[in-house]
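Engineer: Chains as they are written, first to last, in my numbering: chain A, 1 to 451; chain B, 1 to 451.
Be a bit skeptical, because a hint or two may be false.
In this list, chains with the same sequence are indistinguishable; a pair is considered to hold if it fits within one copy or across any two.
[To be verified] In silico lysine-lysine, DSSO-like type, Cα no more than 30 Å apart, as pairs:
{"hint": "1", "residue 1": "237", "residue 2": "138"}
{"hint": "2", "residue 1": "410", "residue 2": "331"}
{"hint": "3", "residue 1": "237", "residue 2": "336"}
{"hint": "4", "residue 1": "3", "residue 2": "325"}
{"hint": "5", "residue 1": "154", "residue 2": "138"}
Worth flagging that the hints you see were computed from the coordinates, not collected in a lab. Quantities reported herein were computed from a predicted structural model and do not represent experimental measurements.
The residues making up each chain are set out below.
2 protein chains.
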Amino acid sequence: MPKVLIAGGGLVGALNACFFANRGWDVEVFDIRMDIRKMEHVPGRSINLALSQRGKASLDAVGLKDYIANSGVKMFSRLVHDIDGKTFHRQPYGQPGEHIVSINRRHLNEIMITEAEKFNKVKFYFEHKVIKADCKKKELHVIDLNTDQLYKIKGDLIIACDGAHSAVRRSLMALPHFNYSQEYIEHGYVELNILPKNDDYALEPNVFHLWPRGDFTLIALANRDKTFTVTIFAPFKIFKKYMYDDKSVLNFFQKYFPDAYKLLGDSHIIETFNRMKPQTLLNIKCSPHSFGDCILLTGDAAHAMVPFYGQGMNCGFEDCLVFSKILDEFKDDIPKALAAYSERRVKDCHTINNLAMYNYNELKDLVNRMGYKIRKNFDLKMNKYFPNFWIPLYSMVTFTQIPYSKVVEKREWQNNIISKTQNIISLLSIITIGAIIINKKEIIKNIFTKS
Amino acid sequence: MPKVLIAGGGLVGALNACFFANRGWDVEVFDIRMDIRKMEHVPGRSINLALSQRGKASLDAVGLKDYIANSGVKMFSRLVHDIDGKTFHRQPYGQPGEHIVSINRRHLNEIMITEAEKFNKVKFYFEHKVIKADCKKKELHVIDLNTDQLYKIKGDLIIACDGAHSAVRRSLMALPHFNYSQEYIEHGYVELNILPKNDDYALEPNVFHLWPRGDFTLIALANRDKTFTVTIFAPFKIFKKYMYDDKSVLNFFQKYFPDAYKLLGDSHIIETFNRMKPQTLLNIKCSPHSFGDCILLTGDAAHAMVPFYGQGMNCGFEDCLVFSKILDEFKDDIPKALAAYSERRVKDCHTINNLAMYNYNELKDLVNRMGYKIRKNFDLKMNKYFPNFWIPLYSMVTFTQIPYSKVVEKREWQNNIISKTQNIISLLSIITIGAIIINKKEIIKNIFTKS
């Protein structure tokens, strides 16, 4: 059986391990962290995860879907909080019953590691730092952090799941024809928590709470332990200008998010802002995703994206599923499968990266605009009556497995139809009004009988 | 005196060494290669260099301009070769006398190393490989290739001049807010030579020879030894499809560049294509160019560009001059100078990278199009009569030191004027023709007497 070396034992690395364990391959996973199942506090970014169809389907392929989906909290709509702290309005995500699942990163990661380790051909090496991959020699260079010993490990396939700052990817940067870009957005984020109130959720749990305030935004997602993970997104210059000390931070929250402010509490807000600096958000695109006969980039190592479409994890999980299907198709011929993967998958990853940037604007502001609301309602109505013919953009991304690039093609087709329909309606209106004005009803009659 | 560590002793590294030697700083330069003055053949890319105003001004600041400019061959115009191998047309670069200088990379590099070494506070370390820079500790990590010993060298300022695949830049990739992109174009290049004929140049020396053939192009630049450096640029897929063996390569040259083909000779073409694979061309942009209190990226490490505007070296040299002036302005306060440099210089470097991509299309094809020729002639005529008011785009880039970003602003202003003038002329024509048609000459009289 071939041997796969996986750099990184985070969400995508652990899921890849499950996929290859199921194939019966020898699997070795190298993770810089301690075994997270033994840690009190796990370092690294969080932002609560929203599991949707692509992620579920990928988990389903290794038999984990129901177990994991039932460990989260279902969210059926956005609940938009007004600035008065009292009124809000609801925007369903899709048709009744359609939902995404708020899920805890750590819990999910732990389940998958345990699941993969059930196979005796799978081995996790914790506290092992991957420093580079050698494409020609098919080697992964790994340092055991307990002994500082460097190991050069040979494998048939090397999969980089080592995140946005991937060491594997970095070691490929000088290869000819490797296109790459990383772009920080002007927004950063700080994460807070709302505790339970009288042993129950302090806010309605089965919604995605949203406080859009133009250039900055607060969100809150429920956890199973009845807490909420709350995240503020704002430009770094806003953090600097308006949240520079205890008093200014409290004033800011009180002014713009009065209801959330009360639930968060002064001391928690102050403590968090003193402990944490705003974290950066990064958009990474590269092409190809596969190299030579043995290296594949997946997850954030291939396409770190801003979190505003809730697709980062889902896209990373889908990478595993797509590659697994391609390996089936090419009967485990690794070089052919790698070439086909880049050929098919890169454009989809570029598309979701772009959509995530687009939704960055939507979450900030659009949700409050009339035109956006009308289109959203129109799309949902159309979808209700023509469920296969007309699927809203958000639903295609979230509730289907239509390849991301096809999603955008379909959206353009919808826009085109709407635009043509509008033109026809305008034309007919003008003709009708014109006819009425010159009081020649005969004209109307003629036109409609002829057409 | 402060100490500057320079990664890379190529063109920009050696010029930086001259600048800091002139300031009286301690200078240490680390270069992976042997001392090129002792080598028979220097590895690495060439493509003959075209020295223009920005490069000259920078060399002038360290007293090298005349010496170096006189070591090259002046080029006053493009000479475009038709496909029949017999006819050609001439496109002057600017006003009579305005020229660029074809120059040999190695010769230029050697002069500058020797010049810098005249100062006893300057030390070149050859066969020393820079592997990373540590921003916090102000250290450069360097391996002596003769002993494999790693040195961590402290300095007050670290300047990366280690080229498109800069190790210094690579070690900064994970810093927050460092935006970066690298993009390979679909064209590659192969370099050949035309030898002297009867002890003289085989082609006219004081022009830039150009064989534009749509998607692929041949160029030739004269050297002082009466040879020509010849470069073919073509998409990799064209190389693969039409230049895959001895016979196909010769056929290709014979068909598309018949006059150059004769001068190159069968055996030289075959030998070159057997020895060399087509080389890649790369566009790199990043922002910022300076980091913390001590690191600066210059030259290709900051902005590798495709060679189609002949500005890669000139821009790298101008980096040295711009930073030197900023150090003067801030009285050698390094952190302030670094911050000011990124603030001012990044947009200019992004602009010339974009212009180089734009000229990529111009060289390929545009030079043969009527609209392009008319505009080129118009610009030169306008420039002749209004030399300060109207400078053509190419002349602003090549014969002035107007910051690149300002060059593009001025070009947009010119386009605007042309467009408005065209509108006015069109309007007047329509009115005149209309008036003639309806045979009311009185109208024309009225309009022109009123206006």
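Engineer: Work down the list of hints and note, for each, if the structure agrees.
Structural biologist: Quick rundown of the hints versus the structure:
no., hint, result
1, 237 <-> 138, "between (45 Å within a copy, 28 Å between copies)"
2, 410 <-> 331, "neither (32 Å within a copy, 59 Å between copies)"
3, 237 <-> 336, "between (48 Å within a copy, 20 Å between copies)"
4, 3 <-> 325, "within (18 Å within a copy, 57 Å between copies)"
5, 154 <-> 138, "within (6 Å within a copy, 36 Å between copies)"
Checked against the numbered hints given earlier, this structure breaks only hint 2.
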